[in-house]
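Peer 1: With the sequences and hints as input, model every part of the structure.
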Amino acid sequence: MDTTKKRLGFWSFVSFGIMALILLFLVYPIFGLMKEAFFTQGSGFTLDAFQKFFSKNYYYQTIGNSFQVSLAVTVISLLLGIPFSYFYTFFQLKGKKLLFVLCLLCTLSAPFIGAYSWILLMGNSGLVTNFLKTFGITGISIYGFGGIVLVQTLKLFPLVVIYMNGAFRDIDNSLMEVAESMGCKGVKRFFKVLMTLTMPTILAAALLVFMRAFADFGTPALIGQGFQTFPVLIYNEYLSENGADFHFAAAISFIAIIVTGVIFLIQKFATNKFSFTMSALHPIEPKEAKGAGGFLMHAFCYLLVAIALVPQIYIINMSFRNYNNSILRPGYSLVNYQKAIQKMLYRSIGNTIVISVVTLAIIIVVAILIAYLVVRKGNVFNNAIDTISMLPYIMPGAVIGISLVIAFNKSPFVLNGTLAIMIIALVIRRMPFTSRSATAAMMKIPESIEEAAVSLGASKLKTLVRITVPMMSSGVISGAVLSWVSIITEMSSGVILYNNKTITLTVSTYNAIVRGTFGVAAVFAAVTTVFTVVCLFIYLKFTKIEDVKL
Amino acid sequence: MSVGIKIKDAVKKYGQNTVIPDLSLNIRNGELFTLLGPSGCGKTTLLRMIAGFNSIEGGEFYFNDKQINTMDPGKRNIGMVFQNYAIFPNMSVRKNVEFGLKTKKVPPETIKEETDKFLKLVHVDQYADRMPDRLSGGQQQRVALARALVIRPDVLLMDEPLSNLDAKLRVEMRTVIKNIQRDVGITTVYVTHDQEEAMAISDRIAVMKDGVIHHCGKPKDIYQRPADLFVATFIGKSNLLKARFLTESGRHYLEFLNGYRVPFEKVLKNAPDQSDVVVSARPEELLVHPAGENAPKEGLRAVISDSVFLGLNTHYFVKLETGEEAEVIQESRIDSLLPPGSKIILTLNVEKANAFDAQTTKSIMEGVNNSTDAPAEAVNGEEG
Chain A
2 MDTTKKRLGF WSFVSFGIMA LILLFLVYPI FGLMKEAFFT QGSGFTLDAF QKFFSKNYYY
62 QTIGNSFQVS LAVTVISLLL GIPFSYFYTF FQLKGKKLLF VLCLLCTLSA PFIGAYSWIL
122 LMGNSGLVTN FLKTFGITGI SIYGFGGIVL VQTLKLFPLV VIYMNGAFRD IDNSLMEVAE
182 SMGCKGVKRF FKVLMTLTMP TILAAALLVF MRAFADFGTP ALIGQGFQTF PVLIYNEYLS
242 ENGADFHFAA AISFIAIIVT GVIFLIQKFA TNKFSFTMSA LHPIEPKEAK GAGGFLMHAF
302 CYLLVAIALV PQIYIINMSF RNYNNSILRP GYSLVNYQKA IQKMLYRSIG NTIVISVVTL
362 AIIIVVAILI AYLVVRKGNV FNNAIDTISM LPYIMPGAVI GISLVIAFNK SPFVLNGTLA
422 IMIIALVIRR MPFTSRSATA AMMKIPESIE EAAVSLGASK LKTLVRITVP MMSSGVISGA
482 VLSWVSIITE MSSGVILYNN KTITLTVSTY NAIVRGTFGV AAVFAAVTTV FTVVCLFIYL
542 KFTKIEDVKL
Chain B
6 MSVGIKIKDA VKKYGQNTVI PDLSLNIRNG ELFTLLGPSG CGKTTLLRMI AGFNSIEGGE
66 FYFNDKQINT MDPGKRNIGM VFQNYAIFPN MSVRKNVEFG LKTKKVPPET IKEETDKFLK
126 LVHVDQYADR MPDRLSGGQQ QRVALARALV IRPDVLLMDE PLSNLDAKLR VEMRTVIKNI
186 QRDVGITTVY VTHDQEEAMA ISDRIAVMKD GVIHHCGKPK DIYQRPADLF VATFIGKSNL
246 LKARFLTESG RHYLEFLNGY RVPFEKVLKN APDQSDVVVS ARPEELLVHP AGENAPKEGL
306 RAVISDSVFL GLNTHYFVKL ETGEEAEVIQ ESRIDSLLPP GSKIILTLNV EKANAFDAQT
366 TKSIMEGVNN STDAPAEAVN GEEG
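Chains A and B, in that order, give the protein sequences.
Numbering-wise (the working numbering), the first sequence opens with residue 2 and increments by one.
Numbering-wise (the working numbering), the second sequence opens with residue 6 and increments by one.
Read the hints as simulated data drawn from the structure, not as lab findings.
It cannot be assumed that every hint is accurate.
To be verified - Capping the alpha-carbon separation at 30 Å, the derived lysine-lysine pairs in DSS-like fashion look like this:
#1 Lys183(B) <-> Lys242(B)
#2 Lys95(A) <-> Lys291(A)
#3 Lys110(B) <-> Lys461(A)
#4 Lys461(A) <-> Lys242(B)
Peer 2: Here it is, written out as structure tokens:
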């Protein structure tokens with residue numbers, strides 16, 4: 002069978018190619034990381050790094066800290082997000098669309114910009130702090146546990162909202178009516194029916210929030226101060242005073258992977274237990290939000306979004322204020338922008354654009370190919386590709402950064418300090434998300450559509466390019482634009498991999514904040530925010546609000 | 006140019022699992038040929054082997070004299086219509102129909118001309134610039150048909166094309182398909198599990214089960230003289246009654262379990278005497294007589310357990326004295342239904358009823374037309 006062989010040949014080639022890339026850029030670095038963690042030049046196999054970690058409170062406490070923070074963030078995000086989504090879906094709130102877009106903006110904004118804006122408001126010389134001082138109130142501080150939880154919750158609760166909106170939309174109204182006809186209504190119905198129906202989604206959202214909170218580096222790095230979390234520890238150990246301590250950083254990274262891996266498995270197990278499918282023939286019809294209840298609902302939703310967003314808008318204001326390092330001076334000017342330009346503003350923007358566009362292009366092509374292989378050419382090998390490419394899902398960005406540094410700082414592959422390694426890190430980080438959405442989009446395309454094209458004389462390649470890819474595109478593009486945002490706002494791996502030539506907007510922001518040049522930091526943050534907003538609008542061009550998925 | 010299809014000893018395997026053990030079939034040029042059978046019988050598999058989407062594990066497939074076993078689907082010059090229509094959702098109706106012509110690099114003016122012609126043929130010309138999601142199921146199916154036909158294929162392959170439509174549209178569309186097929190004169194292989202649909206449109210039908218053709222012939226032959234018990238029960242409704250086949254002094258009889266004996270002559274000459282048979286009687290082939298003085302002496306006594314009034318006919322569900330159950334149809338009468346519990350006597354229409362060997366389940370009737378060879382060219386058929 003000549004033709005079939007030829008076809009198999011093409012796709013086998015693609016399979017092997019992708020597998021080779023995954024082995025080189027994902028598996029090899031992970032093995033490198035493990036080797037670095039368990040072996041030293043002098044003594045061969047050793048667990049000394051792990052002993053060191055578990056012998057000092059200073060180290061192992063960070064796991065506890067991270068768990069505390071992530072757990073608190075997860076619980077509070079659910080407590081805020083579920084009612085928000087309930088009001089949003091079951092009632093006709095005013096300005097619904099705007100509310101949702103703002104929600105999206107909260108969650109898409111760069112992770113540490115929220116933190117920085119709260120520093121400007123409630124930090125040592127923040128607006129609110131100073132304001133309170135005039136009344137003699139002191140001691141309220143954004144730094145530490147509470148601050149981290151506040152900032153992360155405000156960024157992550159919209160994830161719960163988006164997930165729950167989808168779940169609530171899948172509930173058939175007749176289920177509500179059945180419950181009511183059996184005397185179960187109001188609050189009782191909310192807990193007995195709605196919560197159980199949406200349990201798989203709640204778990205999925207909870208996991209996502211937990212993972213994001215756990216892996217977040219920017220927020221705790223900026224406002225944790227004495228309260229050190231796990232990713233911050235990894236970064237600090239990596240950049241310790243006595244030069245880079247790869248051995249110890251690798252060991253901690255390994256622990257991080259184990260921890261997130263276990264959480265992932267627990268969540269998988271729980272979701273499978275609760276899993277079932279639903280589709281709504283008669284979707285919920287939103288009721289009017291009247292009276293005091295209606296007012297409270299509006300107040301709740303808008304206040305929440307405002308608290309999450311207003312500080313970030315305040316940053317843009319601050320970027321035009323006169324600063325002398327971290328000291329605020331009266332008046333407005335563009336002096337911060339001039340200083341930022343000296344601090345490589347253009348290069349940061351340029352790098353950010355190049356990195357994000359190239360990364361995105363690679364991700365889209367590879368994700369589509371993986372989706373095709375998994376859905377149409379499912380076999381052990383291709384399923385292995387799928388599974389392995391999901392691994393980064395449980396790897397915090399800092400861990401990916403460190404494993405790449407370890408893998409590519411010596412021959413045969415020297416990539417450190419290049420844009421390529423930044424791109425590789427981002428491709429690896431975002432691939433699981435895009436390949437998931439591409440696979441989902443691919444699943445929805447009946448094979449017969451491709452067969453129809455082939456029966457009409459189109460070649461396999463032409464069918465892929467003309468029929469399959471365009472049909473997947475709406476799903477893939479919207480997922481990709483979201484990836485684009487997260488690539489632009491990504492920092493945790495960038496901050497480990499960057500150098501002066503490959504610096505990005507987020508890293509520049511971070512550096513400026515750390516250096517205490519608050520005005521310059523505000524400029525970088527403002528530019529990043531503008532980028533985010535632009536991406537969001539592009540995204541909304543491609544996506545109906547009901548279809549938003551993260 | 007339309008072709009005849011010849012299939013010799015086809016084998017289909019999925020791993021160790023043999024789906025089609027050994028199947029031969031000849032389809033005449035210009036014929037509308039239907040593969041009919043329950044789901045899982047291998048009919049779609051066979052169609053996809055003809056199309057080239059399924060590999061062929063054994064045997065030979067020919068379009069006229071050209072072997073096509075390993076030919077790429079795109080090169081077989083087939084038009085295919087899918088169960089879910091498989092309309093390209095990212096292209097307008099016109100672009101869908103043009104697609105095949107464009108891949109064949111037909112000159113643009115011909116593309117326009119041909120596309121217009123076929124859009125008109127299937128009556129969707131007024132929707133030419135619409136996107137498919139704004140078409141109804143029936144309209145999408147017409148577009149799929151136009152798209153398959155516009156490339157002037159040698160063979161039209163249709164895989165359950167109507168099963169996603171509602172009942173009324175299904176009846177309407179099968180007339181459309183039949184008329185267009187006849188006008189275009191293209192060899193068509195049609196797959197369906199709906200026996201009524203198959204009867205309505207086919208020149209010939211192959212009734213399949215487990216990858217084997219049980220009966221291949223004209224709709225009328227299959228309905229009236231099914232080749233075996235499976236075909237008798239799959240096509241239309243049949244009551245199965247146990248009986249013995251007897252020959253006495255040169256005459257043949259059926260004797261039912263209660264001793265009711267009827268002469269039964271239209272059987273094969275070599276039908277074995279004194280053998281157990283299964284009589285298949287369609288509901289209209291059992292005649293209903295209310296018990297009473299006018300009732301025939303001989304017959305199957307039965308009690309009505311339920312009835313359904315359907316306007317023209319009334320269906321009775323009855324319990325026979327032999328313990329068997331049956332469904333019978335009587336033209337509705339003006340006076341009244343026979344109420345449940347009524348005693349009746351059933352007699353057999355011996356001209357129409359069929360009998361099958363209880364062991365082999367094969368028909369023992371004469372006049373069974375079952376052949377996978379292509380029939381001689383019809384009078385108005387053109388030479389392939």
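Peer 1: Does each hint hold? Answer for all of them.
Peer 2: Status of the hints after comparison with the structure:
no., hint, verdict
1, Lys183(B) <-> Lys242(B), "holds, 25 Å"
2, Lys95(A) <-> Lys291(A), "holds, 11 Å"
3, Lys110(B) <-> Lys461(A), "holds, 17 Å"
4, Lys461(A) <-> Lys242(B), "violated, 46 Å"
Figure legend: structure checked against the earlier numbered hints; the only hint not met is number 4.
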